[in-house]
Amino acid sequence: MMPSTETFRVLVVDDDADIRTLLLGYLSKHRMQVDAVPDGASLRAWLVCHQADVLLLDLMLPDDDGLSLCLWAKRTYPAMSVIMLTAQGDPASRVVGLELGADDYLPKPFEPRELVARIKAVLRRGGGAAPHSRPVVRFAGWEFDRLRHEMVAADGTMVALSAAEYRLLSAFVDHPGRVLSRDQLLDLTRAPGVVVNDRSIDLTVSRLRAKLGDDGHLERPLIRTARGAGYLFDTGAKP
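The numbering of the sequence shown is UniProt numbering, which starts it at 1 and goes up by one.
A couple of the hints might just be wrong.
Straight-line Cα separation of at most 27 Å, DSSO-like style, residue types lysine-lysine; simulated pairs [as the list claims (entries may be wrong)]: (1) Lys120 to Lys108; (2) Lys108 to Lys29; (3) Lys108 to Lys211.
Source of the hints: derived by calculation from the structure; they are not laboratory data.
Working from the sequences, and respecting the hints, build out all of it.
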């Protein structure tokens, strides 16, 4: 949902002074309060004192790895949408960035009008956790923290989740006791701009099972395979 206030706040992170100046001027004409910083250190310092609805993040910064910054920003400020600004010839970084939780990407050079449309689109979708989703879910001795993208075992051990594992576990805990086909799981877990297939779902299920200790060692598996139909998340809850 887009912010209810008359304007919303955008932070531009780009080491190119011309791009910062262009976006400060252009976005300000579209009901946006815009700030701009040149590097990762300035980004971290800015977010200590301010809040942004949208982060426009250049992945090629002089002092920090843009992909690491993307992951840090989504974990630390889950309600903030992140749009990556990437080099035209760098599709691998785009895919990895989306897997790390970015909400969208725009290759350089870009048309400012398209950027405005993409900002409005991610705000409509909402960059943070879905409002109906419980931030912490407990099942079978595990605690799943949606905001931190991690699980905590009964003994207190923290287990980090990749973006793909996080989206898959979110789909399972939102639909306990239901068989979900691979097509349904693809729809529930697909990130914008990432091409996935049935094999991607199977591989992510395998990795998630291993992290849950559910790879053939549990008397009652948490993620059951329904042959020819899909997968079922079995915690004893009724559908």
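Now for the hints, and whether the structure bears them out:
Proposed proximity of lysine 120 and lysine 108 is supported: the alpha carbons are some 19 Å apart, at most 27 Å. The suggested pairing of lysine 108 with lysine 29 holds, with an alpha-carbon distance near 21 Å, which does not exceed 27 Å. With a C-alpha separation of about 37 Å, the suggested pair lysine 108 and lysine 211 falls outside the 27 Å cut-off, and the hint is violated.
In summary, the one numbered hint that this structure violates is 3.
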